[in-house]
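Produce the entire structure from the sequences given, and follow the hints as far as they go.
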Amino acid sequence: MKRIQGSYLRGYVKVLVKGERPERFFQACTNRGIAVWDIKKETNNTCSGNVALGDVKYLKQIKRETNDYKLRFIGRKGYPFLINQFFQKKPLLLGLCLSLLLIVFLSNIVWEVKITGVPNDLEEKITNQLEQYGVHRGSWSFTIDSPSVIQQRLLNDVPELLWVGVHKKGTTYMLEGVEKVVVEEEEVDGPRNLVATKKGVIQEMYVSKGVPKVQVNDYVEPGDVLVSGEIPSGQASEGEEENDDEKDEEEVELIAAEGDITAKTWYETNVEVPLSTNNETLTGNKEKKYAIRIGNIEFPIWGFKSPEYDQIHREKYEQPIHFLTWELPIKFVTTTLSEKEYHEVERTKEEAIDYGIKQAKQELQLHLGPKAEIISEKVLHETTENGKVKLTLYITVEEDIVKEEPINQGD
Amino acid sequence: MKNWQHRIKSWLINYLALPSDVMLELPRITVIGQLHVYIENHKGIAVYSDNELTLKANKGYIQIKGSSFVLKMMLPEEILLEGHISDIKFLPDIQE
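Chain order of the listed sequences is A and B. Sequential numbering of the first sequence, starting at 1, is according to our numbering. Sequential numbering of the second sequence, starting at 1001, is according to our numbering.
FYI, nobody ran anything at the bench for these hints, they're computed from the structure. Just so it is clear, CB atoms sit at the ideal spot from N, CA and C, and this is done for glycine as well. Take these hints with a grain of salt, some might be off.
[Unchecked claim] Here are the simulated DSSO-like cross-link-like pairs (lysine-lysine), alpha carbons at most 27 angstroms apart as the crow flies:
(1) A:Lys40 <-> B:Lys1072
(2) A:Lys63 <-> B:Lys1056
(3) B:Lys1043 <-> A:Lys18
[Claimed, not checked] A few chain B residues that don't get close to chain A, going by computed Cβ distances all over 12 angstroms:
(4) Val1022
(5) Met1023
(6) Glu1025
(7) Leu1026
(8) Gln1063
See the structure below:
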């Protein structure tokens, strides 16, 4: 029975055998190991039976070996025939292909751009900006940059945006924005001291309110009070002195101290500078190529010639093509070929040290912010090993070290 | 020589309780009501028509009679017959 099960899947044919004693033909078949089933004697000299599609090729051989029987195939059943039948209907097949293509086409179009979380005027601004990037209803989704790139560009181009989240959900672009609310910088209300944030030597002091506790050229540690907000009341308002004569001498008035204090601070940094470096620069010449990638094979669509650059920097950007919500294994690939040049730089030790100092200064400036001013630097230690110069630098900076600290009015 | 072999086989069947159809290459016929006949170890079809099936066996023939016969399955040495079965007969070894 096992050999007959599943025959519908593999397909079978109904054979009509005509001749003297037709059952002998089927006997010959079974002797050869071919399974035959549903054998029926139709008339005295005809007999029909089913044979698996794979065994049909042996029938002719058997026919030749036995006496003359006439074979006629009177039925074809099973999936192979159904599939064949289906593929013979060309218009149907064409329609199916076209409809699939249409779905692929429609799945790769942006159907909606939703912007939430921002007021109307800003929404309009974002919409205009998106329009410039090519993100609008009806645009091709694989010509659009990836959501993270859009996010970055939007943040750069729309200054009113504090944050924007861009994500693609099927054919919809969802944007969630947060408006930047420009708030006046909040002054610490109430009494406060000014304290040091770093150790250093005070260079300049300008106190507009409060009692200075340190002087120029004083050394301060972090947390030291520079300007106190506690003013003895007599000193605070001299006009009222007479009236408040009776008041306790220790009574103080608390105010918000204000002032600018710059101090000299020191930093120790380590830098390593290689004596020879390679770097690449792009010359600005570039060409774009477009291709469709299926699996690992790329089919170029546009840009067949390779540009005649000596050195090429390739940048690939792949945009998947969607079918409804699924990503197809087909990708739209944009390759940017940019010409690049290699530069090999050999430095002498002196040059390397100079470069290291410059680099260290830049890094420190970046870390401290634009208000800080680097005054001087000193090389404490230098060694050369493995083609690298190691430097230990001591850098002196003038910077604002003030931090406002409220005075605790516990009682 | 043949006689000797036959005796050994008979002895094995009796004392070791081996199935006789295997040892003696006899046909095994399974009948399910009047609906199905399942014959194993036959030696080929002799006659087949709508109301008769005669199979060659080791010795002689097996004749099955009835009506509306269909060979549901036909494999080497195996046949499943479907139809309305009226009688099963063993015929001695004579020319048809």
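Now for the hints, and whether the structure bears them out:
The suggested pairing of Lys40 (chain A) with Lys1072 (chain B) holds, with an alpha-carbon distance near 9 angstroms, which does not exceed 27 angstroms. With a C-alpha separation of about 22 angstroms, the suggested pairing of Lys63 (chain A) with Lys1056 (chain B) holds against the 27 angstroms cut-off. Between the alpha carbons of Lys1043 (chain B) and Lys18 (chain A) the distance comes to roughly 23 angstroms, so the proposed pair stays at or under 27 angstroms and holds. Against the 12 angstroms criterion, Val1022 (chain B) stays outside the reach of chain A, whose nearest CB is about 21 angstroms from its own CB.
No Cβ of chain A approaches the Cβ of Met1023 (chain B) within 12 angstroms, the least distance being about 24 angstroms, so the stated non-interface status holds. For Glu1025 (chain B), the requirement that its beta carbon stay farther than 12 angstroms from each beta carbon of chain A is met, with the minimum near 17 angstroms. For Leu1026 (chain B), the requirement that its beta carbon stay farther than 12 angstroms from each beta carbon of chain A is met, with the minimum near 19 angstroms. Non-interface call for Gln1063 (chain B) relative to chain A: holds, since the shortest CB-CB distance, roughly 14 angstroms, exceeds 12 angstroms.
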